[in-house]
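A.B. asks: All residue numbers for the sequence shown refer to the UniProt record's numbering, where the first residue is 1 and numbers rise by one.
I should point out that these hints are in silico values taken from the structure, not numbers from a laboratory. This one's a predicted model, so the numbers in the text were calculated from it and none came from an experiment. Positions of the beta carbon are idealized from the N, C-alpha and C atoms, including for glycine. Misleading hints may appear alongside valid ones.
[As the list claims (entries may be wrong)] Okay, derived cross-link-like pairs now, BS3-like style, lysine-lysine, Cα gap no bigger than 25 Å in a straight line: (1) LYS436 - LYS256; (2) LYS534 - LYS602; (3) LYS245 - LYS534.
[Claimed, not checked] The calculated label-pair distances, taken between Cβ atoms and stated as ranges, are: (4) LEU638 - HIS701: 44 to 50 Å; (5) GLY647 - PHE695: 47 to 53 Å; (6) LEU342 - CYS196: 17 to 23 Å; (7) ASN656 - LYS744: 56 to 62 Å; (8) MET254 - GLU521: 35 to 41 Å.
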Amino acid sequence: MVGRKRNVPARHTRRGVNAGSHAEPDVYQQMLAEAGASALDQPSPERPLKRRRLPGSQQESKPDVQDAPSHKQPPADVEGSGNGVEDDENDDDDDDDVEFQDVVLPVPTAQTMELESDDDGDDEHDEDEDLQLEDVDFSAPLPDITHAQKNSNLELNLTAHKAAASPSKRHGERRKPLSKEERECRIDIHRMHLLCLLSHVARRNAWCNDSEVQDALRRHLTNKTVNYLTPGSHLPQFGQAESLKNGLRQAAEMWKMKFEITQRGLQKALWAEVVAHLQDYEVKGGDSCLDLDDFRKYAAGLEGSRDVGAQLYCALLRSVGVQARLVCSLQPLSFTPGGPTLPKPESIKSSPNPKVTQERRTQESGASRTRRRLELLNTAALNFQPRSTAPVAQRTYDSPRQIRESAYPIYWVEVLDKGHQKWQPADPVVTHTFWKPRVFEPPITDKENCLSYVVAFEADGTAKDVTRRYAKAYTAKTRRMRVETPLSDNGEWWRKTMKLFRRRRATDLDQIEDIELAGVEAREPMPRNVQDFKDHPVYALERHMRRHEVLVPEAKPSGTVSAGSRGSLEKIYRRKDVRVARSADRWYRMGRDVKPNEIPAKWLQKKARPKGSKLDDDEADKEDDAGTPIYTMEQTELFEPPPVRNGRVPKNKFGNIDAYVPSMIPKGAVHIAHEQAARAAFILGVDYAPALTGFSFTGRHGTAVLNGIVVAMEFEAAIQAVIDGMVDVGQEMENERKSLAALKMWRRLLMGLRIRERIWSGVDDEERKEAEREAELEAELANAESDVTDEFDMVIDDDDKYEGEGGGFLVE
Numbered sequence: 001m002v003g004r005k006r007n008v009p010a011r012h013t014r015r016g017v018n019a020g021s022h023a024e025p026d027v028y029q030q031m032l033a034e035a036g037a038s039a040l041d042q043p044s045p046e047r048p049l050k051r052r053r054l055p056g057s058q059q060e061s062k063p064d065v066q067d068a069p070s071h072k073q074p075p076a077d078v079e080g081s082g083n084g085v086e087d088d089e090n091d092d093d094d095d096d097d098v099e100f101q102d103v104v105l106p107v108p109t110a111q112t113m114e115l116e117s118d119d120d121g122d123d124e125h126d127e128d129e130d131l132q133l134e135d136v137d138f139s140a141p142l143p144d145i146t147h148a149q150k151n152s153n154l155e156l157n158l159t160a161h162k163a164a165a166s167p168s169k170r171h172g173e174r175r176k177p178l179s180k181e182e183r184e185c186r187i188d189i190h191r192m193h194l195l196c197l198l199s200h201v202a203r204r205n206a207w208c209n210d211s212e213v214q215d216a217l218r219r220h221l222t223n224k225t226v227n228y229l230t231p232g233s234h235l236p237q238f239g240q241a242e243s244l245k246n247g248l249r250q251a252a253e254m255w256k257m258k259f260e261i262t263q264r265g266l267q268k269a270l271w272a273e274v275v276a277h278l279q280d281y282e283v284k285g286g287d288s289c290l291d292l293d294d295f296r297k298y299a300a301g302l303e304g305s306r307d308v309g310a311q312l313y314c315a316l317l318r319s320v321g322v323q324a325r326l327v328c329s330l331q332p333l334s335f336t337p338g339g340p341t342l343p344k345p346e347s348i349k350s351s352p353n354p355k356v357t358q359e360r361r362t363q364e365s366g367a368s369r370t371r372r373r374l375e376l377l378n379t380a381a382l383n384f385q386p387r388s389t390a391p392v393a394q395r396t397y398d399s400p401r402q403i404r405e406s407a408y409p410i411y412w413v414e415v416l417d418k419g420h421q422k423w424q425p426a427d428p429v430v431t432h433t434f435w436k437p438r439v440f441e442p443p444i445t446d447k448e449n450c451l452s453y454v455v456a457f458e459a460d461g462t463a464k465d466v467t468r469r470y471a472k473a474y475t476a477k478t479r480r481m482r483v484e485t486p487l488s489d490n491g492e493w494w495r496k497t498m499k500l501f502r503r504r505r506a507t508d509l510d511q512i513e514d515i516e517l518a519g520v521e522a523r524e525p526m527p528r529n530v531q532d533f534k535d536h537p538v539y540a541l542e543r544h545m546r547r548h549e550v551l552v553p554e555a556k557p558s559g560t561v562s563a564g565s566r567g568s569l570e571k572i573y574r575r576k577d578v579r580v581a582r583s584a585d586r587w588y589r590m591g592r593d594v595k596p597n598e599i600p601a602k603w604l605q606k607k608a609r610p611k612g613s614k615l616d617d618d619e620a621d622k623e624d625d626a627g628t629p630i631y632t633m634e635q636t637e638l639f640e641p642p643p644v645r646n647g648r649v650p651k652n653k654f655g656n657i658d659a660y661v662p663s664m665i666p667k668g669a670v671h672i673a674h675e676q677a678a679r680a681a682f683i684l685g686v687d688y689a690p691a692l693t694g695f696s697f698t699g700r701h702g703t704a705v706l707n708g709i710v711v712a713m714e715f716e717a718a719i720q721a722v723i724d725g726m727v728d729v730g731q732e733m734e735n736e737r738k739s740l741a742a743l744k745m746w747r748r749l750l751m752g753l754r755i756r757e758r759i760w761s762g763v764d765d766e767e768r769k770e771a772e773r774e775a776e777l778e779a780e781l782a783n784a785e786s787d788v789t790d791e792f793d794m795v796i797d798d799d800d801k802y803e804g805e806g807g808g809f810l811v812e
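Could you put the whole structure together from the sequences, leaning on the hints where they help?
C.D. replies: Structure below.
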């Protein structure tokens, strides 16, 4: 086999010779070394150099890193002489005699990769999605590599380097979960805020009917526009709608040209994280329209906030006879804990450590000065001349600054299209649109506007909830932000609130609108997000089912949804196919019994008991290790207790009878719920059983609640007569006791009057009056507060230093 020469590249030798013979200092390399970047610019060798150990050599120790640099010329017997020719077959045998030189490793970079999941996927693209890169501060000063080269023993500590070079990515502060009391408090505040906002909008709606305001606005419309806004009934259905559209378009153009926005309007109410944030909080640029006089002033000047602009536009349309509603998207305080909060004031914001900040600024300034010197050196070598920058144009404030608000309105107007008998939205202030109800809902990221309650007020003061017309996903998203969700009363509180603004007798137009809104809710498409299926009234996922919820055996999926790009497809079921399952004991307390040979619909896992539980061993043994079986209502039947026979009532082992629901009363028996029923049955000597109607739980243990008795039906009349007689006797005894007490009081009063007359029988009238006045004066003095210090309340200091001083007096 032909041998090959393995010669060290000659460029290393030439570089070492040139470096050794260079007399003048390299200024550029020195500046790089000063900046700590010299090691990064030097090319590293492709592979470590090998050095053969010569036989009989006396050099046993390894050379130091400083004594044997990589550019030093190796011995001649190792490089290109004839002795260096070797065969490939002997390479592996000679590796044992090869000694590697110590090479300085580069400092590891701070960029790391963190794998979120342990799933081994074949697709590299899917694996890259699970990688999360950390932020690296490239403006930080580079480490001193020259100092690291002086140490022969290298220590690789990625954790310390990561903490030093890469500042940890600080996420937002984790909010404290709401307690049950705080959640209930937020719900109450949410409801109170809703009532206040409804009252506010009702007041603004009444201002739109003011004759002075309408007279000031009517003159801005031309006769042509008025004719368009009030089409005649002789026009066909399409003609009336087009005429109204043309009139609204002309009125909107006029309003856009003449009305000027000078103030901020209503915005979303936010919670503060702590009470201290509210001490220095100030509402800046709020609406100053507080009463009817201000409203009239803004109507004359055609200026104000966006809310006032929509309200005045509603008054303008009503002034020419157009049936217009004032629509408001209420902005109450949210009851959910995940919403945005008030921004922290400048005085509350936590500032970093000043010492650390000063050191960081010093390091950054030093590194920036060094880099600036390098840049100047490079530009000077290239004869670079910077271009003169054009002067920055200064902003002029001839026109007023634009007020930054949400891109979606709070107030707008609904106009009745008489041809189609339908209410259509119109907004000439913010969106400048009409007949487009889908453009009014803001995104969930909007901190100043949230569409959860949209209420429309008519000219007569009646109002209607029209949220379903403007919400794109009312059932999946909007409903969660409303009060119906936490109260779980199916919207009863909100319906009761809106009943105050409802018309007494619904008109045909109201019925048409109700059918329209119900159809909009029914046509809502299936959610696309997994989170939207939680507590959805139409659809359900298995992952969102509660502990006691199961699917019926014949349930068929209505579709599938995927939780992310890597998530598996989950089946979507109808909410009507979800059933509530309960244990056999729970069904028994509801008056139902599990059918024989029924397979449990689900097994509930055994709950972990805390250490030191008060449960007895016998009670703990009753719990099945596999869990608790639960059954659906279809697997149960109505419980039938044994009937009454020969006047004997069936009892349990405790001598009672279970009567949780009326259907558990045995046939031929009756339940008498009276506190004297047991005594009456005992007097008559008939068989009875105390009725167990429930349990009162205090902690983990429950106490039986007995309410009345259960007796045979033939004894009901007799027991009821005895109860009535006992009630009458008790009432007579109570009346006698009260009469006796009253007689005793009268006797005491009469005895006192007789004693008084006997004492004053020999005294004249003037002396009697004088004695009465003295008695009244003494009574007043006795009841008056004393201004004399009580000697018992005085603190006596019995310290030794006051002994022999006479209690404050001089001792002779």
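A.B. asks: Determine whether the Cβ-Cβ distance between LEU638 and HIS701 falls within the hinted range of 44 to 50 Å.
C.D. replies: 30 Å, violated
A.B. asks: Could one say that the CB atoms of LEU342 and CYS196 fall in the range 17 to 23 Å?
C.D. replies: 19 Å, holds
A.B. asks: Is LYS534 close enough to LYS602, meaning Cα to Cα at most 25 Å?
C.D. replies: 21 Å, holds
A.B. asks: Are the Cα positions of LYS436 and LYS256 separated by 25 Å at most?
C.D. replies: 18 Å, holds
A.B. asks: Just tell me: holds or violated, for the beta carbon distance of GLY647 and PHE695 against 47 to 53 Å?
C.D. replies: Once the Cβ atoms are compared, 29 Å apart, the range 47 to 53 Å for PHE695 and GLY647 is violated.
A.B. asks: Note whether the CB distance of MET254 and GLU521 lies within 35 to 41 Å or breaks it.
C.D. replies: 36 Å, holds
A.B. asks: Between ASN656 and LYS744, does the beta-carbon spacing fit 56 to 62 Å?
C.D. replies: With a Cβ separation near 45 Å, ASN656 and LYS744 fall outside 56 to 62 Å, so the hint is violated.
A.B. asks: Does the alpha-carbon distance linking LYS245 and LYS534 stay inside the 25 Å limit?
C.D. replies: 41 Å, violated
Checked against the numbered hints listed earlier, the structure breaks hints 3, 4, 5, 7; every other hint is satisfied.
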